[in-house]
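K.L.:
Spelled out, the chains give:
Number of protein chains: 2
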Amino acid sequence: MKITNEKFLKIYNQETEKIELLISNLFKNKKPKSLYEPCSYLLSGGGKRLRPFLVLISAKASGGNFKEVYNAAIGIELLHNFTLAHDDIMDNSDLRRGRLTLHKKYDVNTAILAGDNLIAIAYKLLLMDSKKNIKQIIETFTNGIIEVCEGQSLDKEFELKENVTINEYKTMIYKKTAALAEMSCAIGSLIVNSNKKNIKAVSDFGKYLGMAFQIQDDLLDITADQEKFGKKIGSDLIEGKKTFLFLTALKNAKDQNDISLLNNVILNKGIKKEEVDMYKNLYEKLGVLKAAKKEIEKYTKLALRSLDTLPNNEGKELMIHLANSLINRYK
Amino acid sequence: MKITNEKFLKIYNQETEKIELLISNLFKNKKPKSLYEPCSYLLSGGGKRLRPFLVLISAKASGGNFKEVYNAAIGIELLHNFTLAHDDIMDNSDLRRGRLTLHKKYDVNTAILAGDNLIAIAYKLLLMDSKKNIKQIIETFTNGIIEVCEGQSLDKEFELKENVTINEYKTMIYKKTAALAEMSCAIGSLIVNSNKKNIKAVSDFGKYLGMAFQIQDDLLDITADQEKFGKKIGSDLIEGKKTFLFLTALKNAKDQNDISLLNNVILNKGIKKEEVDMYKNLYEKLGVLKAAKKEIEKYTKLALRSLDTLPNNEGKELMIHLANSLINRYK
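Protein chains in written order, with numbering that gives the first Met the number 0: chain A, 0 to 330; chain B, 0 to 330.
Simulated from the structure, these hints should not be mistaken for laboratory data. Hints may contain errors.
One copy or any two copies: either way a pair holds, since identical chains are not told apart in the list.
No more than 27 Å apart at the CA atoms, straight line, and that leaves these computed lysine-lysine pairs for DSS-like [unchecked claim]:
no., residue 1, residue 2
1, 104, 155
2, 195, 123
3, 155, 131
4, 131, 32
5, 66, 195
6, 199, 30
7, 268, 279
8, 123, 134
9, 293, 32
10, 160, 29
11, 268, 30
12, 155, 29
13, 199, 131
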């Protein structure tokens, strides 16, 4: 009874369209305009709506229905968008998904305030779907926000820190990315009042999927088809980011020439656009791309294995299919 | 059985000291340092700790005890400090209570992130004291945050808007200041599981006290003893803020010369330091200071009257005493 790709896409498209519709109605005619128009702009930027979809399928895999968790799902999308708006200020990014970032479209003050407001509205939406386990739901959600803030803080710390270990990097991406996916799944399961075993199963799925997703993002930065990926190839290297790839390269490099090439990335806080190909070859030579693929597979397997204890149902099948299709994205 | 001033001060000092201690332990040795040191700096800036005190005395006036609400009380102080940190960025303020503002001590990115994190930690603290009515408690808290964001947004809108009415101004200060005082009182009462009548009584008290407090802040800006007030006298006028005083002056002015003097404040986005005395005299002549005093008294009376339905107890006496002493501050 494995779900077909056609069926998966039908459900995914149907549900994300519903989510788009709900989101587009959230801020209609709300005042003050100077607060809600920017919120609306931010949320209309599209994206895969993966986190709300995780809420939906986790609820279903835990024995509940999509319709029990729509508000919570869009609440989590709002929360995710708050992090994007504030991160974009901190990273001084001009563009996101081909549009001006919120603080470039308006100004920094507007983007700060819209982000703040979205946190509160996210709680409001979450409460709308919370009938039982309210304390645990709010606690889980709140801890997720704290993880994200700590993760962003570590990310910024690492920009200045010369020696970052792969383990430190993993802690950072767990907090910055995986914790929110873990929380999304936990919330879906908690709202439909599932049992501890199921809640743990879907939460672990979200956590490991988040780790796989982030390391794959690091990998795609250098290997993806630029058009499909939507970002400039090699931008992590250009910006001198200490990604899984870069840290693995540093760990694997033995040749003095290779080591100094890598140290140059740190010293110069990035490389030139023209050097991307050379570094890609270096990564290849040092077995970095292979190591990253292995790591992504490891986390994807862990995610899938987490679901073993779940009863078989469509929700579980959707989760399995999602994990498998994410690992194959942009290939 | 009216409480003496000595007794009031003894309790106020004792409880705010306890709050200081709890706050000072919150972030000790917490990592990442780049996130928690700024949180710690922000919270160590002192202040009257009025909002947490409101939580405590509302709990007591509603039949509960201080010790049931300490975590919630400091949660609300954290929330208040988040608003200060982000407002200071938006207002480009260098100093607060004689110290560098958070974004000047560190940088804007750090202040954004510390503020974000404080919102979540505030929820966490609030949950620690929430045993019953959890949904209503979180809802009340969340609505308070939304009001504050909307209020800040209106405040920024009014800087650019030429015609602001006194009613619009009142809506703004309700959202920006009074809603948080109202929420503080509601939370204290909700946590000790009081009845609807008591919750409404203390919430209204907080709301009206907040209104009185803000209009008094506007008045003190021009009439206070600079040393006691801690801010430069006339700074609202210097910055061209559309306060209750300024809007009342505009409403009362009939003489063409007075009207153009006031319009100049708007046109030039403020006045010179040397002009403060002249405008103070104009305010006096237009009956503005008198009108403000009347308004403060009106709201203070409304606050006190809200408490009529409460049973007589020490908590209620503390609330009455607080309202009366706030109205007499810095005289």
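K.L.:
Are there hints from earlier that the structure breaks, and if so, what are their numbers?
P.N.:
Failing hints, ascending: 3, 4, 9.
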